[in-house]
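As you go down the protein sequences, you meet chains A and B in turn. Okay, so the first sequence: first residue is -17 according to the working numbering, each after it adds one. Okay, so the second sequence: first residue is 6 according to the working numbering, each after it adds one.
To be clear, the hints were calculated from the coordinates, so they are not data collected in a lab. Positions of the beta carbon are idealized from the N, C-alpha and C atoms, including for glycine. All the pointers check out, no bait thrown in.
Once the Cα atoms are required to be at most 25 Å apart in a straight line, the calculated SDA-like pairs of lysine to any residue come out as:
| no. | chain 1 | residue 1 | chain 2 | residue 2 |
| --- | --- | --- | --- | --- |
| 1 | A | Lys1 | B | Val116 |
| 2 | A | Lys137 | B | Pro64 |
| 3 | A | Lys137 | A | Gly37 |
| 4 | B | Lys77 | B | Ile66 |
| 5 | B | Lys78 | B | Val35 |
| 6 | B | Lys78 | B | Leu107 |
| 7 | B | Lys22 | A | Ala58 |
| 8 | A | Lys(-11) | B | Gly94 |
| 9 | A | Lys1 | B | Lys22 |
| 10 | B | Lys100 | A | Arg98 |
| 11 | B | Lys105 | A | Ala93 |
| 12 | B | Lys25 | A | Asn57 |
| 13 | B | Lys100 | B | Glu44 |
| 14 | B | Lys105 | B | Asp55 |
| 15 | A | Lys67 | B | Asn41 |
| 16 | B | Lys105 | B | Arg47 |
| 17 | B | Lys22 | A | Ile101 |
| 18 | B | Lys105 | A | Ala96 |
| 19 | B | Lys25 | A | Leu6 |
| 20 | B | Lys100 | B | His53 |
| 21 | B | Lys25 | A | Glu69 |
| 22 | A | Lys21 | A | Ile129 |
| 23 | B | Lys100 | A | Tyr38 |
| 24 | A | Lys137 | A | Thr127 |
| 25 | B | Lys25 | A | Val70 |
Residues of chain A placed beyond 12 Å of chain B at every Cβ, according to the derived structure:
| no. | residue |
| --- | --- |
| 26 | Thr(-6) |
| 27 | Gly28 |
| 28 | Asp50 |
| 29 | Glu107 |
| 30 | Lys137 |
Okay, here's what each chain looks like letter by letter:
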Amino acid sequence: MLNMDVKEIFDTSFCEVTKKLVKLELKKVCDEEGKEEDKADLLNKGYREAIETHGYINSIVICQFSDDLFRYIINAMNNGVTPSKEEVPLYLNEYINIACGHAVSRMNNLAGQASRLSIPSFYQEEEPLEDKWGVHSGRWLSYHTEIGRLHIFIKYSLQSENEEVG
Amino acid sequence: MEKTTLMVVDDSPFASKQIKDLVEENGYEVIGYAKNGEEGIRMYEELHPDIVIMDIIMPGIDGLETAEILLKKDPSATILMLSSLCDSGTLEEVKAIGLKYLIPKPWEDDVLLATLEMLRNRREEGK
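With the hints as constraints, model all of the structure from the sequences given.
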């Protein structure tokens, strides 16, 4: 297997893309902070964005935004103006698409293989994603910013491994 | 001198607005936005823009397939691909349909403008 730290690649991509797109520094919170059940609950409520990758890396990535951070990102991406209700999901879709595309491109280049991204999905009601995506365990990246918090759930498997990593 | 006309095919209003703000300050005119490939094909036939800026990942038919259809209908179409996926494999797919340029999202403004300038010059030379 290639020497590739998937979680670190996602970490770098989210930090770089967030800085570039919305001029915000993501500061990583200790990876294992918080109880597992509290983290899993993050998948079930609040503003969330999910995207899948297929191919060399098969993964599900879910971002959970605090209310303040959610508003900041969509406004910042729309030149400081709150987008219409219909457009809000499109801004967050673009955010996760660019961040994950950045990460997947790096992994594809490292592996010399192809993975593709799905169309992202936006969730804001209390719709449980834990069961919808079959995500009972996975890896977490948690960040704080001067605006609010971002939690990223990643569950993946690499084609050559044929086993889930989580 | 007439402005070079552009059409943007991207489901993201963020990308469309950013492109419009950037290019219209630099001598281009955006004459149409399409939110997906199907709309892009219809709009191209109606507007005949000089250059199409096309995202790859979109709902429905993706940007690569849309570009392929446009090129079959109009082999002289000038298309610049944009994508968050910018690995060597994706670039190969872009080249396989006869296109040369793939700009990563988020793009650097000067890179996007320089590529548009090059495409504009090539169109002019080909006339």
